[in-house]
Amino acid sequence: MPSLIDRILEGREILQRRPWPRAVVGAHLWRFVANELAQGRLGLLGLWGEPATVHMAIMDEATAEIATVSLDCPDHTYASIGRHHPPALRLERTAQDLFGLSAEGLPDDRSWLDHKCWGVRFPLGDRIDALPKPAPYRFLAAEGDSLHQIAVGPVHAGIIEPGHFRFTASGETVVRLEQRLGYTHKGTEGLMSGASLERAVQLAGRVSGDSTVAYAYAFSRAAEAALELAVPDRAVWLRALLAELERLGNHLGDIGAICNDASFTLIHAHCSVLRENVLRAADRAFGHRLMRDVIVPGGVTCDLTDDGREAIRATLQNIRQRFPQLVELYDNTASLQDRTVDTGVLKPALARQYAAGGFVGRASGRAFDARRTLAYPPYDVLRFEVPVLNEGDVNARVWIRVRELEQSLSLIDQILDRLPEGPLRANAGQFGEPREGMAIVEGFRGDILVWLRLRDGLIERCHLRDPSWFQWPLLEAAIENNIVADFPLCNKSFNCSYSGQDI
Amino acid sequence: MRKLLFESLFRGPFTEPAPSLDDAAVAELATAVGDAGRRRLGRSLSIREVDAGSCNGCELEIHALNNAYYDVERFGLRFVASPRHADVLMVTGPVTKNMRDALARTYHATPDPKWVIAIGDCARDGGCFAGSYAVVGGVSEVIPVDLHISGCPPTPTAMLKGLLALLERADAVAVTS
Numbered sequence: 001m002p003s004l005i006d007r008i009l010e011g012r013e014i015l016q017r018r019p020w021p022r023a024v025v026g027a028h029l030w031r032f033v034a035n036e037l038a039q040g041r042l043g044l045l046g047l048w049g050e051p052a053t054v055h056m057a058i059m060d061e062a063t064a065e066i067a068t069v070s071l072d073c074p075d076h077t078y079a080s081i082g083r084h085h086p087p088a089l090r091l092e093r094t095a096q097d098l099f100g101l102s103a104e105g106l107p108d109d110r111s112w113l114d115h116k117c118w119g120v121r122f123p124l125g126d127r128i129d130a131l132p133k134p135a136p137y138r139f140l141a142a143e144g145d146s147l148h149q150i151a152v153g154p155v156h157a158g159i160i161e162p163g164h165f166r167f168t169a170s171g172e173t174v175v176r177l178e179q180r181l182g183y184t185h186k187g188t189e190g191l192m193s194g195a196s197l198e199r200a201v202q203l204a205g206r207v208s209g210d211s212t213v214a215y216a217y218a219f220s221r222a223a224e225a226a227l228e229l230a231v232p233d234r235a236v237w238l239r240a241l242l243a244e245l246e247r248l249g250n251h252l253g254d255i256g257a258i259c260n261d262a263s264f265t266l267i268h269a270h271c272s273v274l275r276e277n278v279l280r281a282a283d284r285a286f287g288h289r290l291m292r293d294v295i296v297p298g299g300v301t302c303d304l305t306d307d308g309r310e311a312i313r314a315t316l317q318n319i320r321q322r323f324p325q326l327v328e329l330y331d332n333t334a335s336l337q338d339r340t341v342d343t344g345v346l347k348p349a350l351a352r353q354y355a356a357g358g359f360v361g362r363a364s365g366r367a368f369d370a371r372r373t374l375a376y377p378p379y380d381v382l383r384f385e386v387p388v389l390n391e392g393d394v395n396a397r398v399w400i401r402v403r404e405l406e407q408s409l410s411l412i413d414q415i416l417d418r419l420p421e422g423p424l425r426a427n428a429g430q431f432g433e434p435r436e437g438m439a440i441v442e443g444f445r446g447d448i449l450v451w452l453r454l455r456d457g458l459i460e461r462c463h464l465r466d467p468s469w470f471q472w473p474l475l476e477a478a479i480e481n482n483i484v485a486d487f488p489l490c491n492k493s494f495n496c497s498y499s500g501q502d503i
Numbered sequence: 001m002r003k004l005l006f007e008s009l010f011r012g013p014f015t016e017p018a019p020s021l022d023d024a025a026v027a028e029l030a031t032a033v034g035d036a037g038r039r040r041l042g043r044s045l046s047i048r049e050v051d052a053g054s055c056n057g058c059e060l061e062i063h064a065l066n067n068a069y070y071d072v073e074r075f076g077l078r079f080v081a082s083p084r085h086a087d088v089l090m091v092t093g094p095v096t097k098n099m100r101d102a103l104a105r106t107y108h109a110t111p112d113p114k115w116v117i118a119i120g121d122c123a124r125d126g127g128c129f130a131g132s133y134a135v136v137g138g139v140s141e142v143i144p145v146d147l148h149i150s151g152c153p154p155t156p157t158a159m160l161k162g163l164l165a166l167l168e169r170a171d172a173v174a175v176t177s
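Protein chains in written order, with my numbering: chain D, 1 to 503; chain S, 1 to 177.
Errors might be hidden in some of the hints.
Some, not all, of what chain S presents toward chain D, calculated at C-beta under 8 Å [stated by the list, open to error]:
#1 GLY53
#2 LEU60
#3 PRO94
#4 PHE129
#5 ALA134
#6 THR155
Here are the in silico distance ranges between beta carbons for each label pair [unchecked claim]:
#7 D:ARG322 <-> S:GLU16: 42 to 52 Å
#8 S:ARG84 <-> D:ALA141: 24 to 34 Å
#9 D:GLY422 <-> S:ALA81: 46 to 56 Å
#10 D:GLU328 <-> S:SER82: 35 to 45 Å
#11 D:ASN427 <-> S:ALA130: 27 to 37 Å
#12 D:LEU147 <-> S:ARG11: 48 to 58 Å
#13 S:ARG11 <-> D:SER196: 43 to 53 Å
Because the hints were derived from the structure by calculation, they are not lab data.
On a predicted model such as this, the values are computed, not experimentally measured, just so you know.
Quick reminder that beta carbons are idealized off the backbone N, C-alpha and C, glycines included.
Kindly generate the complete structure, drawing on both the sequences and the hints.
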């Protein structure tokens with residue numbers, strides 16, 4: 001029996017297949033896909049615009065087949081997906097802001113990234129002047145006796161990124177949380193257009209600072225797919241080493257920070273030391289604490305020396321020695337468990353509907369991990385488990401991180417043991433005709449999707465989709481009926497990216 | 001927990017000696033620190049961090065200043081939750097147009113005397129985001145900046161050097177005034 005994706009693509013001209021097919025569909029098929037998404041038979045991986053086209057990446061979760069469907073919209077309108085499938089809402093609002101593509105029937109047509117400060121509208125489409133007097137942003141209403149609102153941000157109390165949270169509370173209990181993001185919108189996709197590969201990968205590595213490796217990795221894989229460029233073995237393995245070190249450092253930071261937000265600073269202090277050790281080892285091994293600008297299209301820029309290898313080994317040994325004590329402490333401290341267990345519960349059905357990736361999805365029963373499901377090399381030959389829990393609370397998101405961290409330790413060991421010798425980088429050829437590529441890479445936070453089209457060796461259009469797009473809305477749901485004071489804890493357990501979402 | 005605490009009693013501290021002052025920072029600060037600084041503040045500065053559009057890389061390294069290796073509080077430097085409690089604003093990022101107002105309002109909410117430190121290459125001139133329709137540019141396009149610390153992101157040590165230079169300078173001003 002043909003799969004759902006096969007049936008959607010049947011009889012269509014496949015424009016590009018690098019590595020997944022993309023086809024132009026008509027309005028009828030577009031609506032059919034919307035319905036399949038709404039029925040839960042497909043998952044939404046992304047939705048993005050071009051000046052007169054809207055693209056949607058979809059996945060059949062049962063078979064892990066992926067495809068992109070594109071709808072031409074010369075009159076700048078298309079049938080809304082978000083109307084049937086809410087995870088598309090913010091993506092459609094963004095396509096409206098950036099390209100002026102209007103989703104017909106979109107239930108929420110407020111601007112999302114456009115805060116009316118740019119001086120122009122539709123900066124990536126047919127630009128027009130901004131409205132002289134834009135209307136103020138309308139927050140959603142909550143009605144009932146004795147409700148009050150708490151407005152937080154964009155400048156927060158901690159050392160974190162800017163965003164606005166509008167709480168409506170009944171006493172201490174949150175009745176509704178509404179997020180307003182977009183404050184760190186830097187127009188990265190606009191800067192990408194016309195950029196060389198060299199500059200574009202640098203920009204990709206600055207979409208979300210904590211995932212600089214994962215973004216450069218995803219971007220490079222997409223560019224290599226477009227150019228049909230084979231990466232040397234040693235570079236393939238070094239990339240996974242970089243990615244696992246990044247995951248290790250971030251998970252250590254997160255576990256500590258979650259405990260800190262429950263006022264348990266001892267674990268935070270110890271995790272910060274372990275995280276610092278990872279960053280110092282990364283610096284010794286690759287010349288940069290966050291391992292920025294090491295992964296580039298075609299390979300990596302920096303080799304692992306014996307000294308770097310030794311630094312990483314010593315750090316792993318140190319973590320193996322000290323981390324289990326911290327896990328035991330976390331598990332056996334009743335006052336801490338009291339804060340994290342049953343707090344901020346995300347129901348598995350919602351995680352599935354939003355195709356939520358990373359620890360957010362895996363703590364709520366969704367087993368997707370791009371390293372396993374898509375098995376890009378070298379993960380196809382490495383041994384690791386993908387931990388999954390169903391509780392969906394803060395505690396589950398802590399445990400997923402703990403288990404993933406342990407898996408990363410094992411993965412780094414395997415990579416160091418089996419690292420092949422050879423060159424670090426292959427050179428890209430030039431192609432006259434436009435070429436497209438797409439890649440999905442598992443960052444510490446979840447799956448990062450990059451789609452791009454190259455023309456004459458330059459980026460014509462590049463879209464970078466952060467996992468946070470499908471996690472932020474779930475935080476709004478998870479916080480409901482929790483107390484306001486538990487918001488920082490819930491927020492940290494999600495640890496969504498502002499800059500990655502704001503792009 | 002007792003075991004963990006007990007071990008910490010006998011293990012040497014993680015904390016490392018203070019780095020030397022950053023000469024470039026000392027030079028930039030030569031004219032920046034007002035006379036009232038040291039007398040009013042003592043050898044202690046409260047810092048408010050403001051992300052005006054960064055990629056979050058600088059924030060990660062500012063966080064690291066609080067870990068046991070750098071232990072920024074031993075110098076009397078403390079991160080506070082509100083600009084109203086702050087003497088120093090540490091600002092990161094290319095300032096986005098969507099954050100320009102919030103940054104200016106944060107600056108005006110900070111009581112005098114106050115200093116602004118722009119952290120990272122983007123905060124100097126917009127970095128690799130300069131020229132975007134959504135980006136204003138460096139921090140000094142919006143509020144006056146007293147000290148720039150370069151890097152993408154700057155290392156915690158680089159930031160510590162700059163902060164210590166600010167403290168030293170505040171000291172020197174107090175002695176001469």
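Evaluation of the provided hints:
no.: 1; hint: GLY53; in the structure: 5 Å, holds
no.: 2; hint: LEU60; in the structure: 6 Å, holds
no.: 3; hint: PRO94; in the structure: 6 Å, holds
no.: 4; hint: PHE129; in the structure: 5 Å, holds
no.: 5; hint: ALA134; in the structure: 4 Å, holds
no.: 6; hint: THR155; in the structure: 6 Å, holds
no.: 7; hint: D:ARG322 <-> S:GLU16: 42 to 52 Å; in the structure: 19 Å, violated
no.: 8; hint: S:ARG84 <-> D:ALA141: 24 to 34 Å; in the structure: 31 Å, holds
no.: 9; hint: D:GLY422 <-> S:ALA81: 46 to 56 Å; in the structure: 51 Å, holds
no.: 10; hint: D:GLU328 <-> S:SER82: 35 to 45 Å; in the structure: 37 Å, holds
no.: 11; hint: D:ASN427 <-> S:ALA130: 27 to 37 Å; in the structure: 29 Å, holds
no.: 12; hint: D:LEU147 <-> S:ARG11: 48 to 58 Å; in the structure: 52 Å, holds
no.: 13; hint: S:ARG11 <-> D:SER196: 43 to 53 Å; in the structure: 50 Å, holds
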